[in-house]
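Chains Y and V are the protein sequences, given in the same order. The opening position of the first sequence corresponds to residue 1 in the numbering used here, with each subsequent residue numbered one higher. The opening position of the second sequence corresponds to residue 389 in the numbering used here, with each subsequent residue numbered one higher.
Calculated directly from the structure, the hints in this document are not laboratory data.
Here are some of the chain Y residues that sit facing chain V, going by a computed Cβ distance under 7 Å:
#1 N174
#2 L177
#3 T178
#4 I181
#5 T182
#6 N185
#7 R189
Pairs of lysine-lysine residues, derived as DSSO-like cross-links and limited to a Cα-Cα distance of at most 27 Å, are as follows:
#8 K200/Y / K504/V
#9 K580/V / K552/V
#10 K200/Y / K400/V
#11 K144/Y / K89/Y
#12 K400/V / K504/V
#13 K233/Y / K309/Y
Built from N, CA and C at the ideal position, the CB exists for glycine as well.
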Amino acid sequence: MQTNSETEGAQKQVATPSRGERGRFLRRWRYVVSRFSRRSAALSSPILPILTLVLIVVIFIIDTLTDYEIAAATFYVVVVLLSAQFCRKRGVILVSTTCIGLTALSFVLSQDGNFKLGIINTSISLIAIAATTYLALLSESARKTAERAQAHLAHVARITTLGELAASIAHEVNQPLTAVITNANAGTRWIRSAPPNLEKVASSIDSIVEDANRASEIITRIRSLTKRGEPKKTWLDINGVIQEVLALMQMQLRENRIAVRPSLGEDLPLIYGDRIQLQQVVLNLAVNAIEAINTAQSELREVRISSGKTRPCGVEVTISDSGVGLSSTSIDQIFAAFFSTKRDGMGIGLSICRSIIEAHGGRIWAEAVKTSGATFHFTLPGNLEAVP
Amino acid sequence: MSQLVPTDAREKSTVVIVDDDPSVRKAIGNLCESVGLSVYAFSSTAEFLSWCVPDTPVCMVLDVRMPGENGLDFQLGLSRSHAEISVVFITAHGDIPMSVRAMKAGAVEFLTKPFKDQDLLDAINAGLAKSRIRRAELNADAALRTRYESLSPREREVMDLITKGQLTKQIAARLRLSEITVKVCRGQLMRKMQTNSLPELGRMSERLDRMRSGSG
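Work out the full structure: start from the sequences and follow the hints.
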């Protein structure tokens, strides 16, 4: 997991905290790892870094033992390319600097062979390593730009669709509403006229009923529109849902240098629910956590996700962040539709979360962490409680 | 009913509603009828244009956004073909540029749905009053033009010179006529123009000039 344990930056961090602040040290450590590692600490696999490390050692030994003329150091190119698979920009630069240093060291340590040819071969190796590093970084930054553009586009598309949808709903409902208000006013005028024209009053009321029905039909239509994806409920493991969401969010977490600390309970009861809807809930809470951390610009950048059993046989999922946190007033309103603490928030995410969780027979609530950040909990009934 | 009829509406007047939404159309019609206004409703501007506009003050309640057409553009065309019709705009989502454009083009009011009934009725009454004044102006203009057209070429020439401030003597010299002939001619044209004061004749001439430059 600790990808570049041999790097200088990491070693500095190992050396300093000897005052028993274990929690603090661990957090710093994860932060450092997350800065150098491309994936978040929770999700990276240790195979590639270990392979790279082994390769470095092997190449160094061969390069040192063989004659000057044999440019084994050229194979450091492979190391650099491998490191680009799991490192960020700084990591790749560090690995390549290490390789260059080791090449020079091997040259100094090597005793046999033609010294002149050795210098030429070593220079060729060094140039090859430098050129490879440059190209790897270039392709890395191009890939990053493309990913960022894609994420931005998806976000914009989502916002505009929602905005357009809201505007058209507002317009559709506004028309019959205008008619209801106007007819009611006209009805009042017909009553107050002398003598009151009861026939007209009755027809005004008929129109009001008609228009109010039309407004409610529009709402039914919108409901059926959103119902198109009828929930497909199956028995599922909530940990699977969490892991799928974390896999989806890899890039976003990496971009924001946020470490995820999952502590998923074992032998949890199965949940009877819609996988996609529950993924949406977890995703939404996690995206909110990232945004809260970014807003707070806190040094500690981590999201904790845990799952556990509740009595008698349900599950509870907790997601907490080290972000801006919640005020006591907003905690009461946060699940209401169109309420948002974010400047450009739509106030829809959490209200959707609540409706999904409640449709699954569960409960969702928020609490403010004493020091900093916010915590969201939701519960879902498990095998015995939920009747399929 | 008669008690609620606004004083302005006692004279015969017409309210025209153009809105693509049937419930809104019906509701506004109902509201206008409840205060004794006579109402005609149309679902599109095309339907309105095929209708014969009655010879009364007319106020149009016009929806800004209808399928396939823009109420603001229609208003511009209407101000040329039916200048006597005043327009009250209603819209579901109005913005400031839209309302500014409408008011600049001469709209009476720009209301956002849902509106207060009294606001709409006030706007309609203001529109009818404006239409009434506009109609009177147009009628007076038409009458004036008829009177002017009944003058002979010589009388027109004389009228032109009189209103430019020339004396009978000067006019006679210029047109090579005797002073008596000019005086007779002046009497005749004053009778035809139905006035006996020179300042009023001057105002008529100014008005005719303005109409000519306006139509040209």
